[in-house]
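A.B. asks: So the chains spell out like this:
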Amino acid sequence: MNWLETVRTGLQAVRAHRLRSSLTVLGILIGIATVVLSVGLGEGTKSSVSSQISALGSNLLIVSPGSTTSASGVRGGFGSAATLTVSDANALTSKVAAPDVENVAPVQSASLEIDNGSTNWTTSVVGTTPQWLTVRARTVESGRFLTAADYAKATTSIVLGPSTASELFGAFDPVGQTVTIDDIQFSVVGVLRSAGSDSSSNLDDTAIIPLSTEVQRLSASSSRSSLSSIYLAATANSTISAAYQEVDAILLARHDVAATAADFTITAQDSLLSTATSVSKTLTILLGGIAALSLLVGGIGVMNIMLVSVTERTREIGLRKALGATPIVIRRQFLVEASVLGLIGGVAGAALGIGGAIVIPHFITNDIVVSPTAVVGAIAVAVAIGVVFGVYPAGRAARLAPIDALRSE
Amino acid sequence: MPEPIIALREVHKVYRSGSLEVEALRGVSLDIGAGEYAAVMGPSGSGKSTLMHILGCLDVATSGTYELAGEDVSDMSEVDLAAVRNDRIGFVFQQFNLLASLTAWRNVELPLIYAGIGREVRKRRAIDALTRVGMADRLDHRPGELSGGQQQRVAVARALVTEPALILADEPTGNLDSHSTADVLALFDELRAAGRTIVLITHEAEVAGHAQRTIRVRDGLVVELEGAA
Chain A
1 MNWLETVRTG LQAVRAHRLR SSLTVLGILI GIATVVLSVG LGEGTKSSVS
51 SQISALGSNL LIVSPGSTTS ASGVRGGFGS AATLTVSDAN ALTSKVAAPD
101 VENVAPVQSA SLEIDNGSTN WTTSVVGTTP QWLTVRARTV ESGRFLTAAD
151 YAKATTSIVL GPSTASELFG AFDPVGQTVT IDDIQFSVVG VLRSAGSDSS
201 SNLDDTAIIP LSTEVQRLSA SSSRSSLSSI YLAATANSTI SAAYQEVDAI
251 LLARHDVAAT AADFTITAQD SLLSTATSVS KTLTILLGGI AALSLLVGGI
301 GVMNIMLVSV TERTREIGLR KALGATPIVI RRQFLVEASV LGLIGGVAGA
351 ALGIGGAIVI PHFITNDIVV SPTAVVGAIA VAVAIGVVFG VYPAGRAARL
401 APIDALRSE
Chain B
1001 MPEPIIALRE VHKVYRSGSL EVEALRGVSL DIGAGEYAAV MGPSGSGKST
1051 LMHILGCLDV ATSGTYELAG EDVSDMSEVD LAAVRNDRIG FVFQQFNLLA
1101 SLTAWRNVEL PLIYAGIGRE VRKRRAIDAL TRVGMADRLD HRPGELSGGQ
1151 QQRVAVARAL VTEPALILAD EPTGNLDSHS TADVLALFDE LRAAGRTIVL
1201 ITHEAEVAGH AQRTIRVRDG LVVELEGAA
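These protein sequence lines map, in sequence, to chains A and B. Note that this note's numbering has the first sequence beginning at 1, numbered continuously upward. Note that this note's numbering has the second sequence beginning at 1001, numbered continuously upward.
Quick caveat, the hints were computed from the structure, so don't treat them as lab data. Virtual Cβ for every residue (Gly too), placed ideally from N, Cα, C. Careful, some of the hints might be misleading.
Between beta-carbon pairs, the in silico distance windows are [what the hints assert, rightly or not]:
hint	chain 1	residue 1	chain 2	residue 2	range
1	B	S1017	A	L286	50 to 56 angstroms
2	A	V7	B	S1074	34 to 40 angstroms
3	A	I360	B	E1078	50 to 56 angstroms
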C-alpha cells in the first residue's frame, strides 16, 4: 500500500468523524494562533523600539547634565543641574582629545510659544549648531537647514518640524514666512522631513534655531551658558565605546571631578538598543512559553482523541488486518490521521494568527509582525505534534491482534 | 480427492493466561480439497473458532503444520501472514464487518488497496465482484442503507474480489433472518458450482446441510467426517 493510498485512507477517517476531528483541530489551532501572534507581537515590539531608537541618530551618544549623587548624599534629578556649557561642547570637537567623535551638536532647548499672526503653538524650541542635522540623522523636506553663517552671526533663521509647520501654517508652505517668538521675528528657512514619533516625544513637533541666537536673545541670563544636552556622533558603530571613554575623560577633566562624582551622564544609543532588545526578547520568551504550553495541551488532545479512535475502531483495525493490512500499514494510517489533524490545525491556526495580526493592531498600540518563517515553522510544529502524539496510539493500533480486534464488540 | 487446498497435520493450539493453560486444539489433522464446500460444526468451546482462526491465518498453531495451497504457513511472520490473508483467503464474518463510512464498492476494493493494485483496476474489479453477487445496482450505497442480507452480499463480494484460493465464512448467516439466510446460502451454492473452495463455520445443521461435507469438532479434536473425506 503506497503513501498516496495511506493519506487517502487517513483523510477518509478524519472526514468520517467530523465533529471529533474538528474539536481536536481546535486545540492545535488555538495553540498555533497563539504562537504566531505572540512571536509576531514580540517581533513587532522589537522592531518598533529599535526603529524609534535608531531614529534618534546613528552611532549616537547623548550627554546630559547632572543626575549624580552629590558629596552630601543628595541626588539631583536627571538633567536638573546646569553643568554642561558651550565650551564643554567645543572641547569635545577636538580631534586630538576625542578622535572617535565625528560630530558634536550642543543643544539648549526650551518650551516656547511661536506666533504666526493670530495662530500660536507652544513647542520645544531647540537652539543648536548646523551639525544637529547630521548627528540626529534628520533631513530637510523643503528649504534649507541652519548654516555655519546662521550660527556665527546669530541670525533669526528658524527651521520647523513638519507637525509644528502644519499647526502654524496649515497646508501652506511656511518657507520664507516669518514667525514671532518673545517678540523677536524669525524667518522660516526650512521644514524638516518627518521622523515619526516615539512613545515619549513627537520628533516632528519642534523648531530649530541657531544656538547663538537662543543663548543671546531668548535665554534667561542665569542659564545662558548652560546646555540641555550635547548630542555626539561617533565615527562608526565600532568606535561608540571609544568615543564614550574620550568624552567621559574630557568632561571629568574639565569639571575637575572624580568619576564617582561625575555631574553628567552619557547614554549610548546602542546601550538603549540592547536594553530594549533584551526587554522585548524576554517578552517574546514569556509569550512563546505560554504558546508552547497551549500547543502541548493541543498535542495531548490529539493523543487523547487518537487513543479513543483506536479503541473505538478496534473492529475496523481487525478487519483491515484480516484483509491484509500489515502492522506497518496500520501504524502509518493512524500517524497520517494524526498529522492531518495537526496540519489542518496548523494551517487554520496560522490563518487565524495572520488575521489577528491584521485586526488586533487596530485596538492596541503595538505592531504585530508576522514573519513567513514563523508561519511555516508553526505549521511544521503542528504537524510534528500530530506525529509525536500520534506515535503511541498508532503503535497500539498496529499491535492489535486481528482475532482480538475482530472479536471486540 | 483433488489436490488439497488445506492440509493440517497434528495441529495443537494452547492458550496461556497467567499460569492457566487451555489446549483448544489437541492434534487436528485435516485435508480439504480444491473446489470442496465444507461445513465445520461444533458446540461453543469445542475449538471450532480456534480452528477457523488458524485456517484463516489470523492466528498460528502452537505446534503442527499447516499448508495452504501448497505453502507451509505454520512459521510465517506477521507480515507474511498478512500477505497470505490478502492474497489467498476471502473472509465472510457473522457481523459483516463492513466499514460504515464507505460505500459498497469502496468496501469491496479494500483488500485490493492492501494488495497494491491501481485505482482504475480496483474499481473495475470491485464492480465486477458486486455484479457477481447481484449488487450491481447498490454500488454507491453505504452499509447503513442496505439490509442485512444485502450487507452480507457486499461482504461476500469483498471476499471474492481478490480471487482467493479459499473462502472462509464464520457463521455468515448468524445475524440474518430466514429469508436472507436462504439468499446467502444460495449465493454460496452458486460459488460452489463455480468451483470455489468454501469452508463455512456454523452451529446450525440446516446451514451445514448445504455443504457436501461436514467436519465436526469436539473437545479440540476433529471427531467425525462425513461426505467426501
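A.B. asks: All hints, please: hold or fail.
C.D. replies: These are the hints, each one checked on the structure:
Remark: the range hint 50 to 56 angstroms for B:S1017 to A:L286 is upheld by a beta-carbon distance near 54 angstroms. Between A:V7 and B:S1074, the C-beta spacing of about 36 angstroms keeps the proposed range 34 to 40 angstroms intact. Between A:I360 and B:E1078 the CB atoms are about 54 angstroms apart, so this pair conforms to the stated range of 50 to 56 angstroms.
Every hint from the earlier list agrees with this structure, and none is contradicted.
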